[in-house]
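Participant: So the chains spell out like this:
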Amino acid sequence: MTPLAQCVSVTRAFGPAVAVDHVDLAVSPGEVVGLLGANGAGKTTLIRMLLGLLRASAGQVRLFGQPPSRQTRRRIGYVPQGLGLYDDLTVAENLAFAREVFGGDGADRYGLPAALRPFAQVAVGALPLGVARRAAFTQALAHHPDLLILDEPTSGVDPLARARLWETIQDAAEAGAGVIVTTHYMEEAEECTRLVVMAAGRVVAEGTAAGIVGERRTVVVDAGDWAAAVGLIEAAGLRAILSGTSLRVPGAAPATVRRILVGAALPARVHEEPVTLEERFFQLAQAGADPSSPDRTGAGAAP
Amino acid sequence: MNDSVNDWGLAGVSVRYGRTLALDDVSLRAVPGRIAAVVGGDGAGKTTLLRCAAGALPPASGRAATPGIRQTGYLSPSGGIYPDLTVDENLSFRAAAYGLRAPQARERVAEHLDRTGLAAARGRLAAHLSGGMRKKLGVIAAMLPGPALLVLDEPTTGVDPVSRADLWWLIAQAAAGGAAVLFSTTYLDEAQRAGHVLVLDAGRPLASGTPAEITAAVPGTIRLCPARPTGDPQRRRAWRRAGQWRLWEPPGAPPSETVQRGEAVPPDLQDAVVIAALAREAA
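Quick note, the sequences are listed as chains D and V, same order. Numbering of the first sequence is given in our numbering, commencing with residue 1 and proceeding in unit increments. Numbering of the second sequence is given in our numbering, commencing with residue 1001 and proceeding in unit increments.
Accuracy of the hints is not assured; some may be wrong.
[Stated by the list, open to error] From the derived model, a few chain V residues whose C-beta atoms are all more than 10 Å from chain D:
id, residue
1, Thr1047
2, Arg1063
3, Ser1076
4, Ala1097
5, Leu1100
6, Arg1108
7, Gly1132
8, Ala1217
9, Arg1241
10, Ala1264
[To be verified] Covered by chain V, per the in silico footprint, the following chain D stretches (three or more residues, Cβ under 8 Å):
id, stretch
11, 30 to 40
12, 123 to 133
13, 179 to 186
14, 278 to 286
If you are wondering where the hints come from, they were derived from the structure by calculation, not from laboratory data. Only a predicted model underlies this, so the values are computations on that prediction, with no experimental measurement involved. Just so you know, even glycine gets a beta-carbon here, dropped at the ideal spot from N, CA and C.
All chains, please: the whole structure from these sequences, using the hints.
Facilitator: Structural data, given as structure tokens:
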């Protein structure tokens, strides 16, 4: 089966800067692919190439088996970070406009979801963020796209609204659409069938959330005086992350942390817990920026 | 643990904008060395609450106790950063506003800039910083006076996990240095790290306490479901989380015959906030 979207060794340079570096990616119908990466990792550049807004410097981008074009754009639903709605048009006007652009017959075939109906005649600029995001989803889905591209679709939204938006995403995938979604929210990454982690333009990890996390563990420190413990661990050149009144020290060995605390006679319990996806992501992002790291995968050095 | 007179915060505060009650009888203590989180959706009143706590907005009723403007660091929703000034110029300007001398200010921010990856961008216009870098600059600027009270309005929204870890390092530094920290967030895993959490909805406190106290007070049961529950009201009481369906069974609700019920799971803070919203929808 032809993937809905496919990148083969896609590279994009802006002058001397390589924003996307030999990236391979394929999205099949019914799949939700999470694209993770720090700011500047190359996610947005990759999305712009898939949308046909930017040409690849090298490699191949294929949508529905063809190069990106206006015809392929017609089969894509896109929710950009900025939502892509006109602030001074109402919800109904925005949807009507999009319908015309995508060549609909002008009739309101899809209607508004119940949650949006009270807001149909409200200008988008005056909507609460959660409602505006719901409107952007409705607009992106109205032409029944085969491929959905969502750039941080739930940023700034409360948990219930976020869960409801994810129901919409999963419904679209169950109906056969392929989905590419970027997020900074690691719990949402666990909603994805597959994750692609980017750092410094490259794919540094790929697989399910459980596969990417693997069996790795993180050192956890419970010290009555957590502030003192932070100071000691940091002074030793390690990074301690506060979690409640516990400290997590990803990437450190328990014996090292114990030695630091015992050396300062600070009473503390040091144990290990499974690494979180966020911690693993953090390690991958750091390693991706360091060419000598074993975590950095992908063939060929940047030119 | 600390009931001293050095506590800041709000007691029974209400705020009106015209006829809208933006905050309705809200209390939140800011305790030195502790981090308190304010969570809630868009329009819940988080920004209004933090403006009151920072002394930037007088409440219509109730009491707001602050250590005074020179002892308060405040990250406003816009970040308070001038896009057409460089990183260094922004910091110098803020230092002058706090009445700090330049060498003193430089010494205070050097490690913060270094540690959060901003040191190499000191000469860059703030307009050319990434969103995460601008937030970090805003927090570092708010920490300049070594404030007794640090108030941060959504410091991590839209920020990638790497910058978020830097921001958490800054927040932990401030608390470890003895500041009382109040911050707002839409990320419940972050709120779970705070010593005290206030959940706001439409200007009213939905829940307040330690994360453990809030989750212990969740009414009813949460069950994992193998498939999406069908039929009302189960469908409305179900939500997706981390690839699974969860169903809230309120206390005394008869078990449904149409729903395959899986194991019960203990709620965390995110479940507590979702259930509070579901309960309000139902009411």
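Participant: All hints, please: hold or fail.
Facilitator: Evaluated hints:
1. Thr1047: Nearest chain D Cβ is 12 Å from Thr1047 (chain V), so the label holds.
2. Arg1063: About 28 Å separates Arg1063 (chain V) from the closest Cβ of chain D, which puts it past 10 Å; holds.
3. Ser1076: Non-interface label on Ser1076 (chain V) holds, nearest chain D Cβ at 16 Å vs cutoff 10 Å.
4. Ala1097: holds (28 Å)
5. Leu1100: holds (24 Å)
6. Arg1108: Nearest chain D Cβ is 17 Å from Arg1108 (chain V), so the label holds.
7. Gly1132: Answer for Gly1132 (chain V): violated, closest chain D Cβ roughly 5 Å.
8. Ala1217: Given a closest Cβ separation of 17 Å, the condition holds.
9. Arg1241: violated (6 Å)
10. Ala1264: holds (19 Å)
11. 30 to 40: holds (count 4)
12. 123 to 133: Held - the stretch 123 to 133 of chain D has 3 residues with a Cβ nearer than 8 Å to chain V, which meets the minimum of three.
13. 179 to 186: Check passed, 3 qualifying residues.
14. 278 to 286: holds (count 5)
The earlier numbered hints that this structure contradicts are 7 and 9.
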